[in-house]
Every structure is written in structure tokens, then in C-alpha cells.
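**Student:** Top to bottom, those sequences are chains R and Z.
Sequential numbering of the first sequence, starting at 1, is according to our numbering.
Sequential numbering of the second sequence, starting at 1001, is according to our numbering.
Note that these hints are calculated values from the structure, not bench results.
Incorrect hints may appear among the rest.
Here are the computed lysine-lysine pairs in the DSS-like style, where the Cα-Cα straight-line distance is at most 25 Å [what the hints assert, rightly or not]:
hint, chain 1, residue 1, chain 2, residue 2
1, R, Lys366, Z, Lys1038
2, R, Lys346, R, Lys242
3, R, Lys346, R, Lys273
4, R, Lys366, Z, Lys1249
5, R, Lys346, R, Lys328
6, Z, Lys1329, Z, Lys1094
7, Z, Lys1358, Z, Lys1329
8, Z, Lys1094, R, Lys389
9, R, Lys273, R, Lys223
10, Z, Lys1094, Z, Lys1267
11, R, Lys328, R, Lys389
12, R, Lys366, Z, Lys1329
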Amino acid sequence: MVALRLCPIATIHDHTGTSPPPAAVAMAEGMGTCRDRLIDQSLTARYSGWILEALDELPDNFLISDPVISGHPIVFASRGFLAMSGYAREEVVGRNGRIFQGPATDRRSVMEIREAIREERTLQISLLNYRKDGTPHWILFHLCPVFAMEDGRVIHFVAVQVPIPRQSRCSRSGEREMVFGTCRNEVRLDEDCGCNLAVDSFLDMDNKGLDAEESCKASDREKEKALNAATSILSTMTHYSKLTGRVVCTKRCSSAGIVPLSSSLNISLGRIKQSFVLTDPHLPDMPIVYASDEFLSLTGYSRHEVLGCNCRFLHGPGTDAGVLQQIKDCIRAEQACSVRLLNYRKDGSSFGNLLHISPVRDASGKIAFYVEVQIDENSKSDEHGLSPKMRQLGVVGQVKVAVRSLSSRAGPSRTSS
Amino acid sequence: MLTIKRVPTVLSNYQEDASESRGCGRNCLGKCCLPVSKLPLYAFKSDSKRPISPSGATDDPPADFFLNSLLLGQWEDRLNRGLFRYDVTACETKVIPGEQGFIAQLNEGRHLKKRPTEFRVDRVLQPFDPAKFNFTKVGQEEVLFRFEDGGGHTSLFFDSASVDEANPPSVVAINVSPIEYGHVLLIPRVLDCLPQRIDAESFLLALHMAAEAGNPCFRLGYNSLGAFATINHLHFQAYYLSVPFPVEKAPTREIPIAKGLADSGVKISLLMNYPVRGLVYEGGNTLKDLADVVANSCIWLQENNIPFNVLISDSGRRIFLFPQCYAEKQALGEVPQELLDTQVNPAVWEISGHMVLKRRKDYEEATEDYAWRLLAEVSLSEERFQEVKAYIFEATGLVEAEVEDTDANENKGTYQPTTASTTHFPEGCLVLQ
């Protein structure tokens, strides 16, 4: 298969269709190489020259793509991936990931992947992919965005593929026809689902070994494998990003969605020496927008790991679902609540959390945040003889005063919207 | 220096079995209930020295314990228990554009839910009437803690202490119709049922509270009868506001005193460039020195039937005294109707620059000009003020010095606390380290 060099310029020919002037060709060539350079440097510019070697040592099957470069090309393909798919590196780098899809690839899955890319979030989905020789195979596709810490932009996507082995058949005999029907429609109508391979090679599914009854659901084993692979790839990238100083993180730290807290409010909150977080109920999934140092030491996470995330990373197997529901109900009712629940630190250890949650309003009178104050029930009691409850409420009071503060209009202004 | 410790609770002589209801059964602050009750007690240090700025001592409890953990925390607790008439944080508030920085709040329900004034407004001194509403009728759930002189060198906190006969209890209670978060009432010697009038001991208690809070954002205020106090039972108010009051930023001009203040170290100034004329007291070798000078001035005013308001600012270091005449003008029909329509009664917080407005229209259209015009109606005229000032000085043994160059003592007014924490102020009133 010929590796096409995609040119970002629509056309360099003039209207008459004659061959372009030499300068234009040179420019096109230049543009092409410029994009090539971007692709070449996509990883090294941020993660240093060492990254390629480090990624090559990972055994997993994965691709890294750069959404910033037009066409969202692949900038890295692991050895494992190349072996699995049968492609050579230069046949993959610079291409868009859709080249691995084919006629029987579920359209809905493809759309889900596109959604996740557009929304810049993690996705795990079973997907039918095609090797170079045209044979389809099921994989568990695990997509992760990588964010620049400085401004919260997505700068790379990591796509891990874990093969789903053929297992006992699912009861899907009747769907065989439907699969082909979808395939034909897809080939005809969906120009975007660019099949660069000859269409007819996919119509003869029996010969190519496609089995619609083949297991398409990933087991926990594959899911865990995908997650572990993603984690090690991401931590490798994070590690090497520190060498260039252009650090990345796996959660959005300061995104366009989260308005950063005013420095005035940050300073006020910084003086409250207790474990607490502020969450923003106006943003999707109610992310943490402030975390105190004491919260980080209590839970073992670093600040960039928690900002932008919902508190559920503290939950685990022993966390009472009933209590979680109680919290949800209180938040919906815009009420304060006090609960006790089991939380988990980053290292997996658990602790009983005496949690108090309260809505916090800003100067407009409307709810701006929720404050959540944590107390480890095993922490030794305050030497001042003050009950934990009193200390917790003191935190709430200080936070309320800080958020309501008129000094520099602390906190995001909601009244303007 | 602050230490907090638990002490075993001592049963009072009147203590009965805990499960039986005490007193009148309503657990109030009257003689029936309070003497046999147990309440948290904050016993502040009886240090004659002026409070120093918080040091960097690491083993001491945080200097913000009193305000942040105890007062604000307990206030939040009462909020959760539904003891307030409304959630004041749901009221919009803003700084009115302009040089002064008046603060406006839209509170449509406050005046409807507030206890109405139950006494005549033309007399500053009126005897205590137990039949009318007073703080002995308040339930103990509205009390946050007792606040009394501990007599020692450090402040102590007891989370449950019995009342004993030798020490008349003074309490800090919530204001159920708050103007801002943390709005409380300091009620000195509640069982003594003192009417709303200043005395030196009570005023000193108020200064101690300002000093214990140690945060310039937490001020205390006093309204005499006739200056829009609503309850004739001695009380001070206090709350937390994150920005300076306009009055705190106004320039002052020191009044040179030839005689009468040398021992106390107190300095008295005239408030300048502000719609309400007033005196500013600061300094003093001890809190008591400052308290005594101000109290003496207040006592003269109340005995001469001149209504007044007092603002205790800068953690008890600066005290503003405003004689006023709005109620009299109102009675005589001399206040413009459009000001009357906004239904703002100019008590100490309004005079200081914090206005609670009842109608949205007034809030949206509030201007610095409106605030200034309203407050100008509150002030004594220049002539009257000078006359009153002269009387106060004479009655309190002060003699003003002759000065050739009046500009020599001009003092540019700046909101500058005299502590090391000045650097925090650009960000507004924040918790002191």
C-alpha cells in the first residue's frame, strides 16, 4: 500500500488545469515537509528526544496522535501495534486513525470515538479494526487525552488497542445480515469513513474470516490490560514532559470550561489550614476547582491530579452507595449535609471520612460553589479542645466569607451570564 | 497568647439532674434558666497591654481561632439549624461605583421580618422594661458562647462551662436578621438587664471582643436609642465585611489636646470629607484607656439626650463616634421624601457606609450621590457639631490646644491598620496569619 502524503492545501492548480508553476510546486512540497516536520517533532518537542526510545520499550499496542496538526495524524505507533496490524511504521505515521477501520466497523462506535475526541475525554470501546492484509479483528480501543498543564489544551491522544480473543460465540446469528447491510451503506454514503482499501475485498466476508458472532465484548481482563497500558504510557509521557518543562497531565488542569479562581480568592482560601475542596456545580460533572494542601496530603494526590475532576476518585468498593445518594440528593436540594463515608487515598488505603458539604454563594447571592470539608475520623483530636464538627463548620464559614467577598469581586462572576 | 484547654465541668449549686428541664423550661437567657445552664465560654486574657500582632509562634493555636473557628463556625452551625430568618448570603451585594466605595445590599425581606421598635424614639435614655422584648427572652440556641474576662494572661476556651454567681455572664448571640455573614450581638451581663446605654465596663468588653477577633474586617457597632437601636437592652453588634467601610478610608485631622489625654495616650481626631461629622479616637496605652475616653464622651451624649452611633474599627484600635439627628428631622418632616422612600434608617452600619436596601429599584439605581445625601441628613450641622464637641471635651476634662497652623496636623486618611499585616490589605480583609 502506498503511503500517501496528505497535503493540507486544497489545490495549487490554476483554473485551466495546467501544471502548476514551479514555485507553487515547491511551496506545496515545502508545505508537505513542514507538516512532516510537525509530525516528526510532535513528540520530541514536548517530551524530549528520549521519548521515542522510552515508548519503544513499552510492550503494548498503541498509537499516539496529534489533534493540533491538521488531519489529526498519528505521530507514533508502537512496535506491538505494528506487529498486530501488519503495517510498517512509515505507513502509519502521518495517517489518520480511520485507516484501520473498515466496512464492518460499527458506525456508532466510530461516532462515539469522534465525540470523545471532540469532547476531549477518555473512552473505552470495543471496535472492529482491519489489519494491513484486510483481515478484521476485534479490539478493545482505549482512548485518553493528554493535556498541556500550562493552558489545559489537549495536545495528544493516546489510543491503546487490546486484542479481544475469539471466545464462545455471542448469540448474534441473526445480525450477520445486518452487519453486511450496514457495511454496504457505510461504504456508499459515508465519505468520511475513508476506506482507502478496495471495497470489494470486504464484501466477501466469509473468506476474510469476519465472524459477526465473534465475541465483541471485552472482558475485565482486556479492560484492565488497556487501563494498565494507558497508565504506563501516560506516566512515561508525563515523566518525559518534565524534561522540557512543558509538562502534561492526564486530567485537565485549567480548561476553557473551568474559570480560574481569582487570585484574591485563592489567597483567602490558602489561609484556611484544613482539608477541603471547592467544586463547581455549573460545570459538567461538578469538578474540583480548588483543593487545599491539607486535602492533598490527606488523600495522597497532587493538585493537578485532582483539579478538574469529580470527587468520585475518592470512592471505592467500600463506599456506601446509599450515602453517595444522600449527598446527591442534598446537592440537588441545595442543602448542606454531613455524612460519614469510606474514602480511598491514591495509594489505595481507605479512611473514614466525616464529610460536610455546603453550598457557597458569591456576592450575587447565587450558588457559586460547593465546599466539601473532610475530616479523617482517625485523626487525633485537635489540641485546642475544639470538636471536629466545630472546626469543619469554621472552614465553611471562612469559605463562605471568602467567596462572598466584595474585594476584587473574588470568584467567577455569574451575574454577567 | 491563646491557649485552649478542656477543663472538667463543675456542677453549679443549682445543677439538677441533667435530664430534667431547667428553669422555665424554655431554656432561655433569663434568671430562670441561665444560672443553671452550661454554655461554651471564651475567657479572654486580662492583659492590660494592647494586643500585639500575631507572632510566628508555631506551637500556639492559630490566632484566628476566636473569629474563624469559634465565631464563624458556630454561626454556620446555627445557619444549618435554621435559626435565622433568611440566608443573608443569598442577598445580592455590591460596591457602589465611586470614590467612597459605599456598599449596598439588596435585602427585600429583612425589614418585614425584623422585630419592630417598641419604644419612643425621642429619648436616648429609657428605663429597662422587662415586659418588652429583651434578650433574656431569647433561647439559648441563639447563643454562640459566653465572652468574659478570664483574669489571666492567656485566653482560654471551655466548650461547656457552668454559670457561677461571682461572674455575671456576658454572651455572644446570633442576630436572627443578619446584615452580613457572622452578624452577632454582644450582650454584656445579660442577667443584669441593663438598658441600652454605654458604661465604661461594657464598652471595654466590646473593645476586647474586637481585639480577640484581631481582624479589621470584623467590626463592632453600637446604636443608642433614638439612633435606630431597636431593643432597649444593652447590646453591641458585630459582623464580618471583607472590604473597608468608606468611613474607615476618610481622612482625619487630629485635634491637639493640651490637657486631659496625656496619661492615657489617646488621640482624638475630626473626621474629614465625610457626609457625617464625627470624632475618631485611637491609640491609648491600654484598651481600657481608650475605652474610658470614648465611654466618657458617650455618657455625656446620652445624658444630654443626643442620639449617637459608635463604630469600633481596626480590631479595636480606632473608634468612630457619630452624634446624629435623623430621627428628629424625620419627626419634624425635614427629610426629603425620596430619601424616606428608600426606608433606610441610618444606624451605625449605614453611617459607616454599608446600606441595606429593601427595594430592587433602589438597589439597582443606588449611587454614591444617594448615599452621600442620605448620610448628610444624619449628620449634625457644623455649628451644632462644634458645640457638641466643645461640651464633650469640657465634660470629660479635655482642653483643646491652640494651634497656629491648622494644616500642620492634617492627616491623610488611609485605611492602614497599625499591624504587621498591612500587606494583606490590597487583597481585602482576609484571615490574619
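**Student:** Does each hint hold? Answer for all of them.
**Tutor:** Hints, one by one, checked against the model:
Simply put, R/Lys366 and Z/Lys1038 have alpha-carbon atoms about 38 Å apart, too far for the 25 Å limit, and the pair is violated. With a C-alpha separation of about 21 Å, the suggested pairing of R/Lys346 with R/Lys242 holds against the 25 Å cut-off. Straight-line distance between C-alpha atoms of R/Lys346 and R/Lys273 comes to about 21 Å, which keeps the hinted pair within the 25 Å bound. In summary, the hint linking R/Lys366 to Z/Lys1249 is not supported, as the alpha carbons are separated by about 29 Å, beyond the 25 Å threshold.
For a cut-off of 25 Å, the pair hint linking R/Lys346 to R/Lys328 stands: about 23 Å separates their Cα positions. Restraint check: the Cα-Cα separation between Z/Lys1329 and Z/Lys1094 comes to about 29 Å, which exceeds 25 Å; the hinted pair is violated. Restraint check for Z/Lys1358 and Z/Lys1329: the C-alpha separation of about 22 Å stays at or below 25 Å, so the hint holds. With a C-alpha separation of about 32 Å, the suggested pair Z/Lys1094 and R/Lys389 falls outside the 25 Å cut-off, and the hint is violated.
For the hint linking R/Lys273 to R/Lys223, the alpha-carbon distance of about 40 Å lies beyond 25 Å, and the restraint is violated. Distance check on the hinted pair: Z/Lys1094 and Z/Lys1267 sit about 33 Å apart at the alpha-carbon level, beyond 25 Å; violated. About 21 Å separates the Cα atoms of R/Lys328 and R/Lys389, which keeps this hinted pair within 25 Å; it holds. Proximity of R/Lys366 to Z/Lys1329 is assessed by CA-CA distance (about 38 Å); at most 25 Å being required, the pair is judged violated.
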